[in-house]
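Student: Chain by chain, the residues:
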Amino acid sequence: MEQPIRVLIAKPGLDGHDRGAKVVAAAMRDAGMEVIYGGLHQTPEIIAEMAVQEDVDAVGLSILSGAHMTLFPEVKKLLDAAGADHVLLTGGGIIPPDDIDALQAKGVGRLFGPGSTLVELVEYVQAEVGRRRAAAGSA
Amino acid sequence: MTALDKTKEAELVARVKAGEEVACARMMTWAERGDPRFAVAYDAFHADLGRARRLGITGPPGAGKSTLVERLALHWRGLDRTVGIVAVDPTSPFTGGALLGDRVRMGELSLDKGVFIRSMATRGVFGGLARATDDIADVLDLNGRDMVVVETVGVGQSEVDVAKSSDLTLVVLHPGGGDTIQAMKAGLMEVADIYVVNKADRPGVDRLVQQLTDILDVRDIPLQDRPPILTTVATEGTGIVELAGQIDASLAEREADGRLAGRRGENLRRRIRRIVDGRLRQDVWELAGLSERLDQGTAGLESGTGASVSAYGLAEEILSDYRERRHGETQA
Amino acid sequence: MSIMDGTATENSSFESWKKAYDSAAQRDVSFETVSSEPVEALRTADDIEGTDPDADIGLPGQFPYTRGPYASMYRTRLWTMRQFAGFGTAEDTNQRYKYLLEHGQTGLSVAFDLPTLMGYDCDHPRALGEVGKCGVAISSLADMETLFDGIPLKDVTTSMTINSPAAIIWAMYLVTAKKQGARLDELGGTTQNDILKEYIAQKEFIFPPAPSMKLVVDTIEFASKEVPKWHPVSFSGYHIREAGSTAAQELAFTLADAFAYTEACIERGLDVDTFAKRHSFFFNSHVDFFEEIAKFRAARRIYARRMRDKYGAKNPRSLMLRFHTQTAGCSLTAQQPLNNIVRTAWQALAGVLGGTQSLHTNSMDETLSLPTENAAKVALRTQQLIAHESGVANTIDPLAGSYFVEDLTNRMETAANEIFDQIDELGGVVEAIEKGWFQREIGKAAYHFQRELEAGRQTIVGVNKYVENSEDDTKIETLYIGPEAERQALARHKAVKAARDESAVAAALKRIRDDSRSGVNMMPAFMHASETYATLGEMVDVLREELGTYREPPSF
Ligand SMILES: Nc1nc2c(ncn2[C@@H]2O[C@H](COP(=O)(O)OP(=O)(O)O)[C@@H](O)[C@H]2O)c(=O)[nH]1
Ligand SMILES: [Mg+2]
Chain E
1 MEQPIRVLIA KPGLDGHDRG AKVVAAAMRD AGMEVIYGGL HQTPEIIAEM AVQEDVDAVG
61 LSILSGAHMT LFPEVKKLLD AAGADHVLLT GGGIIPPDDI DALQAKGVGR LFGPGSTLVE
121 LVEYVQAEVG RRRAAAGSA
Chain H
1 MTALDKTKEA ELVARVKAGE EVACARMMTW AERGDPRFAV AYDAFHADLG RARRLGITGP
61 PGAGKSTLVE RLALHWRGLD RTVGIVAVDP TSPFTGGALL GDRVRMGELS LDKGVFIRSM
121 ATRGVFGGLA RATDDIADVL DLNGRDMVVV ETVGVGQSEV DVAKSSDLTL VVLHPGGGDT
181 IQAMKAGLME VADIYVVNKA DRPGVDRLVQ QLTDILDVRD IPLQDRPPIL TTVATEGTGI
241 VELAGQIDAS LAEREADGRL AGRRGENLRR RIRRIVDGRL RQDVWELAGL SERLDQGTAG
301 LESGTGASVS AYGLAEEILS DYRERRHGET QA
Chain D
1 MSIMDGTATE NSSFESWKKA YDSAAQRDVS FETVSSEPVE ALRTADDIEG TDPDADIGLP
61 GQFPYTRGPY ASMYRTRLWT MRQFAGFGTA EDTNQRYKYL LEHGQTGLSV AFDLPTLMGY
121 DCDHPRALGE VGKCGVAISS LADMETLFDG IPLKDVTTSM TINSPAAIIW AMYLVTAKKQ
181 GARLDELGGT TQNDILKEYI AQKEFIFPPA PSMKLVVDTI EFASKEVPKW HPVSFSGYHI
241 REAGSTAAQE LAFTLADAFA YTEACIERGL DVDTFAKRHS FFFNSHVDFF EEIAKFRAAR
301 RIYARRMRDK YGAKNPRSLM LRFHTQTAGC SLTAQQPLNN IVRTAWQALA GVLGGTQSLH
361 TNSMDETLSL PTENAAKVAL RTQQLIAHES GVANTIDPLA GSYFVEDLTN RMETAANEIF
421 DQIDELGGVV EAIEKGWFQR EIGKAAYHFQ RELEAGRQTI VGVNKYVENS EDDTKIETLY
481 IGPEAERQAL ARHKAVKAAR DESAVAAALK RIRDDSRSGV NMMPAFMHAS ETYATLGEMV
541 DVLREELGTY REPPSF
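Chains as they are written, first to last, in my numbering: chain E, 1 to 139; chain H, 1 to 332; chain D, 1 to 556.
Every clue listed holds true.
Chain E is faced by these chain H residues, among others (derived, beta-carbon under 7 Å):
{"id": "1", "residue": "E21"}
{"id": "2", "residue": "R26"}
{"id": "3", "residue": "A98"}
{"id": "4", "residue": "L99"}
{"id": "5", "residue": "L100"}
{"id": "6", "residue": "R118"}
By construction, these hints were calculated from the structure, which means they are not laboratory data.
Just so it is clear, the structure is predicted and the values come from calculations on it, not from any experiment.
Quick reminder that beta carbons are idealized off the backbone N, C-alpha and C, glycines included.
Bound conformation, chain E alone (with noise of 0.2 Å):
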């Protein structure tokens, strides 16, 4: 049987415009995935913390405040050392390309601007997770 994909859906920093990770949270549920949606304002803590146990497949940050290049390091050292360095990290946000480089560069996945369809990110998901779980030799 196709193990769904678990997916943590949150929003870090301060800012609560949360039209994004909400819409992606809906679409990622529509493609089959259950989606463990973290809510508003967390800190890099609480998002590895819920990551760790809820061992997702992937974590989703939606960033539109400017903070990413604080955030998405912060997360993904968190996630590292707690063991849980398969997770992939990715998300969104009004992030410039520069800045997409340098965090790629840090192990983040793939980042999603202003005007990325659902789809691609679906895709992205689906094919990036899948993916790591062939590497890994589980199903």
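Given chain E's structure and the hints, the job is docking chains H and D with the ligands onto it.
Tutor: Relative to the frame of chain E, chains H and D with the ligands by itself:
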């Protein structure tokens, strides 16, 4: 530390016992997905189980179960007890996906290592919901949690079964949450060991308590066996100390008079029955290749090119195929 | 009877038009507004048959104000061109204000950074990486003094986009003005201070709804007694729309909020005519031109009717809805950003034709960063072009009487009334918030739109039509806020805390706690604490302890 995916059963058991969170989470995934490794691991740790106190919490959506669980957990943390929580939410019947939001309700617990929260969807679970929640509760027990709570929405039989599969079952209701008739229909009235009337800050509490009392009167339960009815305001923490006290008292009483051991035995029997049921079903459908048999038998129906099929006839054919195959196996 | 006959009489009948129309080919698109409302090909007098030209449409400056709050509208005074600004340090923003005032802007607008909006000082761990990023950081009176240094507050009007800690920030502003020598009763401006829409849409809340409402009522009461020219609340639909609502939802949710505050003030014992005359609104102007104009016109009519009939307001100023408009940030695209100038232009035009009292036009680069100086200038020029070249400001409510616009206006009113009934059924605005109802409705609308877009049933030029794949598609100059702002803010904050009288601060904070418990109006305590340089975070922390914090119900 071995990468999780390569970890052998015994090592993962050891890591769960040592309290490691990722290990605990992965063991739960094995359990949830019916991974054969879970059964292997289980054989290695079942003798260590039984320390944790298990509560089932159920009730209609929006009654305040998650808020209440958070408050109880905070209270227990104050008493230095560790807590494990399993929050079960429905899966979308259309897409098989799920949006699990209970964690948001329990935000204050997020950073406390003494609390482990796991969200679960009702489907995507192999071999029945209660089978999976039992296993996950066991993992929390193994992980050294003192109090293990399983929250389910009291909407259907399988959810109510989950709540029952515990040392003590709490049924949470709230005024304005529709009629108590609704709760009765869902089978909630029978499983309650404690009633919690939450949202006591809202009008209609007294009426709801009265309705519950009336129902218990009608059912003619002896006074000493009657589930107590407690009122709470979960959002403000009112009544939580009393509720936690009642939980401890009920558990202690049941432990003393042997009811707890009896119930655990009963739960275990039911659980084994579930496992057998699950295996049998798997045997029939998957191992004996009968899913394909079903598909063949009904081929062409959707496209309108097939002949009409008798549901009873085909079912009987499938079963006799199975019996023949099994017979062949026992002969061999 | 065939349309081919071509005789004048037959052609003038509706039936023959209908035939001709039906036999003509139609473009293969869904004729719907951006809110997914179907739009007919033609409206005629029949469609507004029930509309009374006097009772429903009327005249400008007259009940029900459908045509505008004032008799002479833009022939007396153009709308206020108010561009939102605020970024980095208080010094940077102060410079920007001076620049904008020199370029003909007539009102100031303050954007605060997220830590300030959430009641954290710049040195709070949760502020890390966010200080000065989306607006100016205000941690104490000292920052406010720097922000308005050299700008006489009695001569400008200031609009402050602040909500959860609005009462405290406003107190700091009032103290700053007093220190400049101004009297409270000569200060004009607006605090957004609409907490209900925070729970509904923008989600920058701190305390639970009920105590938050109490703080809002405190500011309304204080304003009506001490700062009579101030607009203490701006009932805001803008964020509701940005979160993905439809036009009708924006309209209805915003008005429902306004009525909830009105009821709370009446409950406090205030006379509706003492405070309602300072009510102000803040709407979004989105891409569907006529739908927006209808929304603005309907808003005035619904409001006037309810305020008079349900709340017993008598003063005409309590009945006339006045509003600020901002063009739709969510309609702008990162792709082909120059197109955003054009989108913004017609959205602004819709605001003007809808009779707005003030207007903010977005800059073309806002999906990418805070506006650069050039982009901000073009945005302001857009308004000036509409005002001085297009001619639309010459005639009052020029679209009145259009079958189409009047019918749309009627439909908006009907849709809003239906939503009011739903909210009533749920037990009112606060109850509906706690049930997650608004959040769910908006979420559904946002998801619906996104799927329509991806299915090609809605079009965004440059995103799903006329797409250019060239790399430098998005390359325009953007404004970068470096860590410098954070460093400067932290340095000043440290210096302020080192220099102040700690015992005075402690006493002022204790007064906040005491006043919060006793239930009196909190404004005097906030002003007093601001004077001692007690920080925003310190004051909010006391309130967090006293009032509790809010977490929203997960709602999908
Ligand atoms: N007024 C009131 N609201 C409550 C109380 N307990 C929970 N709620 C609210 O009821 C809603 C549903 O609560 P939740 O814990 O998610 O319910 P669940 O679906 O049973 O888990 C939330 O908005 C809570 O804040 C209470 O005691 N009083
Ligand atoms: Mg729940």
